[in-house]
Every structure is written in C-alpha cells, then in structure tokens.
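Visitor: Starting from the structure of chain A, add chain B where the hints point.
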Amino acid sequence: MEVNGRRVAVVGMGGVFPTCKDIGEFSDKLFSNKSLIREWDKLKIYGKQIRASSCGFVTEAEMNLEAVYSDIVTSYPEVYIDHLERIPRINMATADIGSIWAMLATLDAVRMSGWTEKETQSETTGVVVASGGGGNEIIRSAWHGFFNMGMKTRVAGSHNVDRAMFYREAANVSCLIKNRGVCESIGSACATGLGNIGHAYRLIKFGVQDRVVAGGVEGTAIEAFVGFDGMHILSKGFSPEESSRPFDLHRNGFVCSFGAGIVCLEEYEMAKARGANILGVIDSYFNNSDGDGDMFYPSFGGQQRLWKGLIPKAGIKPDVVKVHGTSTPVGDPVELLSVVDFLGKDGYHISAPKSQFGHMLGAAGSVEFVAALLMLREQKVLPCLNSVTLNPELENFQKKEGWDGPMEPLAAFRDLLPQKTLEKEINTIACLNYGFGGTNSSILVSKDNS
Amino acid sequence: MERQEIIDGLVEILKTVRTVDQEKLVNVTEDTDFLTDLTTPSTELINIAAKAEQKFGVEFEDDDIDELGSKVRDVVDLILKAKARGDS
Numbered sequence: 011m012e013v014n015g016r017r018v019a020v021v022g023m024g025g026v027f028p029t030c031k032d033i034g035e036f037s038d039k040l041f042s043n044k045s046l047i048r049e050w051d052k053l054k055i056y057g058k059q060i061r062a063s064s065c066g067f068v069t070e071a072e073m074n075l076e077a078v079y080s081d082i083v084t085s086y087p088e089v090y091i092d093h094l095e096r097i098p099r100i101n102m103a104t105a106d107i108g109s110i111w112a113m114l115a116t117l118d119a120v121r122m123s124g125w126t127e128k129e130t131q132s133e134t135t136g137v138v139v140a141s142g143g144g145g146n147e148i149i150r151s152a153w154h155g156f157f158n159m160g161m162k163t164r165v166a167g168s169h170n171v172d173r174a175m176f177y178r179e180a181a182n183v184s185c186l187i188k189n190r191g192v193c194e195s196i197g198s199a200c201a202t203g204l205g206n207i208g209h210a211y212r213l214i215k216f217g218v219q220d221r222v223v224a225g226g227v228e229g230t231a232i233e234a235f236v237g238f239d240g241m242h243i244l245s246k247g248f249s250p251e252e253s254s255r256p257f258d259l260h261r262n263g264f265v266c267s268f269g270a271g272i273v274c275l276e277e278y279e280m281a282k283a284r285g286a287n288i289l290g291v292i293d294s295y296f297n298n299s300d301g302d303g304d305m306f307y308p309s310f311g312g313q314q315r316l317w318k319g320l321i322p323k324a325g326i327k328p329d330v331v332k333v334h335g336t337s338t339p340v341g342d343p344v345e346l347l348s349v350v351d352f353l354g355k356d357g358y359h360i361s362a363p364k365s366q367f368g369h370m371l372g373a374a375g376s377v378e379f380v381a382a383l384l385m386l387r388e389q390k391v392l393p394c395l396n397s398v399t400l401n402p403e404l405e406n407f408q409k410k411e412g413w414d415g416p417m418e419p420l421a422a423f424r425d426l427l428p429q430k431t432l433e434k435e436i437n438t439i440a441c442l443n444y445g446f447g448g449t450n451s452s453i454l455v456s457k458d459n460s
Numbered sequence: 012m013e014r015q016e017i018i019d020g021l022v023e024i025l026k027t028v029r030t031v032d033q034e035k036l037v038n039v040t041e042d043t044d045f046l047t048d049l050t051t052p053s054t055e056l057i058n059i060a061a062k063a064e065q066k067f068g069v070e071f072e073d074d075d076i077d078e079l080g081s082k083v084r085d086v087v088d089l090i091l092k093a094k095a096r097g098d099s
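Protein chains in written order, with the numbering used here: chain A, 11 to 460; chain B, 12 to 99.
Looking at chain A on its own, in the form it has when it is part of the complex (with noise of 0.2 Å):
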C-alpha cells in the first residue's frame, strides 16, 4: 500500500515521435497545430487489400538506423545498424526496431533526469515499459520461413525470441541501463503506455523502487495496421492532416499511428535534494474495467467509477483533460460525455493530442502523457484539431432507456475543445486512456508548485 509521505516527481521525457528528429521538433510542431500523420507510400504494393491509408509512421531512415536483411528469408531484418552509435551493437541484436526506439528513447529521458550511473544501475531503480504490440515483422519472417518454406528453426535466427518476446522493450531498456530493480511489462492494449506509467507511480510511492524508467512503445508495425484496417475502425476519406478528427461530427475511425514515450520517475524528496528538473508531479493513479462484459463498447458507468477514483477529494478539478479522444464514432461522445457528467460544463479544456499524431495503441497513452508534461512546461493546452462541427443532435445511445448521462448535444460543449493551441494557466492534467476489454486507466499530474 502507499507508504505517507512519499511522492513521484517526473524528471525526464524523451520518445520516439513520427515526422520529428526529437522532442523538440515534437513540441514546436505539435503547439503550432501542425499534424504528423501521412500517407504511408509503404502500404501501396497491398493495393486494394487495405482499406485505409493514413498513419502516423516513423522509417527506420529517420531514426538514423538501417536494417539488414536476410539473404535466405526475404524482408527478414537480421539486425538493425545504429548510423549515430547511440546503442552498442550487442544491445542492437537482440532488439526489433520498437524495443530500439525504447532504448533510444530511454537515453534521452535518463539524461535530462540527471541520474548517475550508480544511481542508474543501483537496485532501488526500476524498468516498466511496453507495447500493445499485435505482431510485427520479426515474427511475420520467422513463421513464414518455418511453416511455408519448410525452413530449420535457426534459420529464423537465434534472436527470435529476444526480439519478438511480450517485454522486449523492457528487457531491451534494462540491458542497456543495467538497472538491478524490478523489470517488467504492464499489457493493456491501448492504455498499456499510461498503465505502464501507473505501476511505475505505483512501485515508488508504495516505496518498492526510488526511480523507474516508465512508458509505452509501439514499432511501426504493418502487421498493428493490418489487424485494426480489418475492423473497417480505420479513418478514411479525408486527408492525411484531416484523418484523425476527434469528436467531429464527420469522424469515421481512428488512425494508426506508432511512436514511444518514456519517462524517469523518481521519489520526489530523492529527486528535490540532488537539485533535479522537476516536469511534473503525479498526483494520482487509478485504473479499473468496466464490468459490463463488452470487448469493444466504451462504458459509460466504467468511466464514471473512473473519474470517482481518481480525484478522491470533492473538489479538485484539472485544468485540462487529456482524453483518449480516438475519433472513434461511439468512443468520443461517451467519453466526453463521462467528463462533462464529472466535471461540469466550463472551468477547464479538453486536449486530444491524437487529432495531432494518430493513435500510437501500446505507445498512445505514454506519448500523450509526455505531450501532457509539454502542456505543463509550455502552459498552452494542445488542439483537438479537425473537431470542426460537433454533433447538434442526441447521440442515439442517450435516447435510449436507463440512459443517466448528460442529456445534451456534444454541440453544447462546444467552448470545451479548443480547435487551435490555447494559452492559459494549467496547474494539473488528467490524462485518460481505455483499452479493449473494457480496460480504463487515469493520471492526475500537476506542476511543482514547492
């Protein structure tokens, strides 16, 4: 349980982002309400067996890696080259390219944290990081060569498992850092990023670990893409910039996206003695299900109980909501419909950073808490871009009977979504992600007000 006194300050970022060098070039774009999602010219060999075709991808070329291919199994990446040296080459062997961007990613958070080594490698320092992770080319490969080309099992390499295993990234980042804490991998489909930060909050302030690595990852993956374009739950018809439209009236479906997002934790007391950055300060943590049985169908009484455990105290209200805001036709107006019921009508914004990058599934609610800690230090509340016209009519779920949410339009909350980057004072963000299974998890984060 929770040990008094301790709390869990944020004192580094860093990630993987489509369309950005760094987190820099993330922020500058993403406050100048620009979008990174493209079309991916990858998809085009598949014509017309896939459906949509916009994503917010990041090439192995804009990483500054390279990936060599096998000479017996076709489009089988043996090993990635690391062009800049970041990560030493017996880390790039046992890595696929999402546990390189976690590698990646965790250096430039653990250097702005200001850990030492020691500190870095001690035992009270821990790794919880993720991915929601349907597949990806490392296993496409392998199987391939087994089951249809009647290959021997080396042939898929004797890194197969290493790099395609649930926890990859986590045991790819530990072997890195060298950490002698907790490693672990926290799955919860598309909450897994926020999750993995959640437990990571949980380690520390339950005083099991004084530091952990945190986050969520998703490589750009054809085969994520594949699975989802599947459910016909991709957007589609409009531009790439203009394909992610959360809560717009005209939204038909998400946009896959891949990226990471890592953060350092540490004890706040630890962290406010050796002098650190603070980026923010997690107030809060809580996670439930929606016990309504449903794999897909958002609940609104799931999200109610949500908000109920998170912000325990009468009273307390957060300055922004991060929504999941997938753009999703039956997500977007429950779940802002369960803010408004919380919440009220006026006093705070609602941000929904995928408008911006898409949704990055294992990655989504790590990257969006790193946007969150950009809103803190920028003190500007990111766009829900494309949400031009809100729906002036009931949503057909409130008509129906034992409905006991709010009983207006989405138009009513209008003033709420900021279509353009809005300046304003933000104390504390509370980020929302939910996930397939009925899965919900919520952080309240604040700036550091000591």
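Among the hints, erroneous ones may be present.
Below are the DSS-like pairs computed for lysine-lysine, each with C-alpha atoms no more than 30 Å apart in a straight line [claimed, not checked]:
1) K35/B - K246/A
2) K54/A - K62/B
3) K52/A - K62/B
4) K430/A - K246/A
5) K246/A - K94/B
6) K246/A - K82/B
7) K66/B - K35/B
8) K44/A - K434/A
9) K62/B - K58/A
10) K62/B - K82/B
11) K246/A - K62/B
12) K246/A - K92/B
13) K92/B - K54/A
14) K410/A - K82/B
15) K54/A - K94/B
16) K82/B - K39/A
17) K54/A - K66/B
18) K58/A - K35/B
Think of the hints as simulated: they come from the structure by calculation, not from any bench.
Guide: Same frame as chain A, now just chain B:
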C-alpha cells in the same frame, strides 16, 4: 442466382458463427435484422461479410461494407450487386 438461394446460403454461414443465437435461424427472411433479431455482435458483421465473399465467390467494395445495413436484405442486395459487377 435467386434471392432465396442467397438467404439459404447466408443461413449456412450463420450456423458457423457461434455468437449468433442458433435457435433463431429457423425463420430467417429478408426482413430479419442481424443485430436486433439475431443478436449478432456488431463486430461479427465483418466476419459474416468476409465469409459471404468466400461462399458466393464475390468481392465487396470497402465502402459498401462501411455503409451496409443490418438486415438480411442488405446483404442479399450487396451480394447481387457484387455478382453483377463481376459478370459485367
């Protein structure tokens, strides 16, 4: 291909979808609604469409699936439309 022949084929498909209430498959007509009458989970409609493509040897347009209604009639119309496109 006659419409009733297509309905019979659809019922055969529905017998393989375990989340559909099998007892309700005795009197399927063009007016039967997948969602409200057969209590098919909406996420299964894509699977039913994919199975129909295979069974009837057609390929639907993505847009047609996106705009597909939830009645048996809608799927029958879609199959005939795809067949006509294939024959032309």
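Visitor: Hint by hint, note whether the structure agrees.
Guide: These are the hints, each one checked on the structure:
1. K35/B - K246/A: Violated - the C-alpha atoms of K246/A and K35/B are around 35 Å apart, more than 30 Å.
2. K54/A - K62/B: holds (25 Å)
3. K52/A - K62/B: At roughly 28 Å apart (the allowed maximum being 30 Å), K62/B and K52/A satisfy the hint.
4. K430/A - K246/A: With a Cα-Cα distance of about 23 Å, the restraint between K430/A and K246/A holds, given a limit of 30 Å.
5. K246/A - K94/B: Distance of about 25 Å is within 30 Å: holds.
6. K246/A - K82/B: Holds, at about 24 Å.
7. K66/B - K35/B: With a Cα-Cα distance of about 21 Å, the restraint between K66/B and K35/B holds, given a limit of 30 Å.
8. K44/A - K434/A: Status holds; Cα separation ~20 Å.
9. K62/B - K58/A: holds (18 Å)
10. K62/B - K82/B: holds (16 Å)
11. K246/A - K62/B: Distance ~23 Å between K246/A and K62/B Cα, so the pair holds.
12. K246/A - K92/B: holds (22 Å)
13. K92/B - K54/A: holds (27 Å)
14. K410/A - K82/B: holds (21 Å)
15. K54/A - K94/B: holds (27 Å)
16. K82/B - K39/A: Between K82/B and K39/A the Cα gap is close to 46 Å, so the pair fails against 30 Å, i.e. violated.
17. K54/A - K66/B: holds (28 Å)
18. K58/A - K35/B: Violated - the C-alpha atoms of K35/B and K58/A are around 36 Å apart, more than 30 Å.
Hints 1, 16 and 18 from the list above are not met by this structure, while the remaining hints are.
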